[in-house]
Each structure stands twice: as structure tokens, then as C-alpha cells.
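Engineer: If you're matching positions, the sequence shown starts at 430 in my numbering and goes up one per residue.
Derived by calculation from the structure, the hints in this document are not laboratory data. If you're wondering where the values come from, they're calculated on a predicted model, not measured in any experiment. Ideal Cβ positions, reconstructed from N, Cα and C, are used throughout, including at glycine. Warning: the hint list may mix true and false statements.
The calculated EDC-like cross-link candidates involving lysine to aspartate or glutamate, where the alpha carbons are at most 20 angstroms apart (straight line), are [claimed, not checked]:
id : residue 1 : residue 2
1  : 462       : 566
2  : 635       : 600
3  : 462       : 487
4  : 630       : 598
5  : 635       : 623
6  : 630       : 600
7  : 635       : 598
8  : 630       : 617
9  : 462       : 483
10 : 635       : 617
Label pairs and their in silico Cβ distance ranges [unchecked claim]:
id : residue 1 : residue 2 : range
11 : 623       : 470       : 44 to 50 angstroms
12 : 620       : 549       : 20 to 26 angstroms
13 : 568       : 616       : 41 to 47 angstroms
14 : 471       : 531       : 24 to 30 angstroms
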Amino acid sequence: MGRSAALSQGHGAARREVAAVPLPLPRDRPEKKQALAGLLIGLQCVGRAAVVVDEQGEIVGMNPLAQPFVDALSRTCPSRPSICSAASGHRIRDLVDMALRPAYAAEDAAAVIDLPGAGRVIVRATNVRLVAPSLFEEPRVLLEIAGLGLDSLPAASFLRRVLGLTVTEAEVALALACGATASAIARDRAVSLETVRSHLKTIFAKTGTRRQATLVALVLQLRGVSSPG
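Given these sequences and hints, build the entire structure.
Structural biologist: Listed below in C-alpha cells is the structure:
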């Protein structure tokens, strides 16, 4: 894949090129751009779609894997592309704002979003300044985006080994990662909703998560290091 990827401007307009590595913003120091490029390329190498935005939601950099998601999320901005749209942009905006809060908790900045043309995705936001504050002096948020589906998930046996889940707990976690609700899981397994909620409570305790979106983000993170069954 090339070093740049096209970003749709919508309304049939001509397509604009967005660098797969950070855009050359004048205020960014060379070492900052190099660090950001390394971050995006590293995530690309492990199969993760990633976009870095500033506090306004404008794209600072992205890797090629993020292109389909960015096409579904973006709209034209006067200067640089922005991760926002009438349908889903406010959800991304909320995640960016959450990641930039002083009392930010990493596990809370994740959400499942429906994208036109891209289906259901999980988006996780990380404040890049928490990783390297000396390099990233200005607000920067890393958005990791992954589609929800069986092809993007680790094996149930891997979840059992790594997270210490039982067979049932691993299956419930995978069902959630595929976009199923607790009620749907209860129907499919012919058990009560309270039983599923009990499983979820145990899963949250074992994985150190508190919300379903955060659990899904964790499961999807593991896909890059999992091995078959």
C-alpha cells in the first residue's frame, strides 16, 4: 500500500490526499512528527487501524488501514480533514473530549458506533500525551478503530488462556465483540438475562474492565497477538 490514502470529501467532490504518516504541520517539531509516524506505522504492522487527531477532531496523521473508516466518518474542513459527520461525528467528538480530560481513565474512552458503509465498529481513544508528554506538548488523541465481526476476533481458547475466562465467559465476550446485546445472548443461549449479566460481572472482574465497550476494545486488542484455537 502506498504512503498516502485518499480521503473522501463527500457530495461528489474531488478526493483529497491525506498522508498515511503525520501531515506536515508547521508547529510540529521534527522529532514529534517522527514519533507520531512511528506510532502509526507500528500499529499498521500489527493490523490496527489508527488515526491521530487534535483537540478539534482534525486529522494529524493516519495509517492506511484506517482509510475505510475515515471515509465513513469524515467531512470537508477548511484546512484539514476532520473526523466528524452528521451521523457519527458527535460520538467521536465525545471520545476525543473524554480522552483529553484531566481525570481521563483509559478504559472509559471506548464506544461502539454504527458507520454508514462500514457497519459497526469499536473506537478507542487514547491521550497520546500520556505516552510521551515531552514529545507531544499539544493535545493529541489516538483513535484505534476496528470492525466488529468474527474475522476480527481472537479464538475463544486464546481468551480463556490469556484472560482466565471459562468457556462460557469467553463465548459471551466474543458475542459482545460481534455486536450482540446481553438480551440477544440470553436468547441465543436459552438462559435468563440475569444469567448473562452474572457472566458479564465475572468477566469484568477478571479483565479489569467496567463497561461493555471497554471489554470489546480489549478483546479486539488481543486479535493482533492471538494464535488459532
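Engineer: All the hints need checking, so say for each whether the structure fits it.
Structural biologist: Hint check:
1. 462 / 566: Cα-Cα ~12 angstroms, so holds.
2. 635 / 600: Holds. Residue 635 to residue 600 sits at ~15 angstroms (cutoff 20 angstroms).
3. 462 / 487: Status holds; Cα separation ~16 angstroms.
4. 630 / 598: holds (10 angstroms)
5. 635 / 623: holds (18 angstroms)
6. 630 / 600: Holds, at roughly 14 angstroms.
7. 635 / 598: holds (10 angstroms)
8. 630 / 617: holds (19 angstroms)
9. 462 / 483: holds (13 angstroms)
10. 635 / 617: violated (24 angstroms)
11. 623 / 470: 44 to 50 angstroms: The hint (44 to 50 angstroms, Cβ to Cβ) holds, given that residue 623 and residue 470 are roughly 46 angstroms apart.
12. 620 / 549: 20 to 26 angstroms: Given about 24 angstroms between the Cβ atoms, the range holds.
13. 568 / 616: 41 to 47 angstroms: Since the Cβ atoms of residue 568 and residue 616 sit about 43 angstroms apart, the hinted range of 41 to 47 angstroms holds.
14. 471 / 531: 24 to 30 angstroms: holds (27 angstroms)
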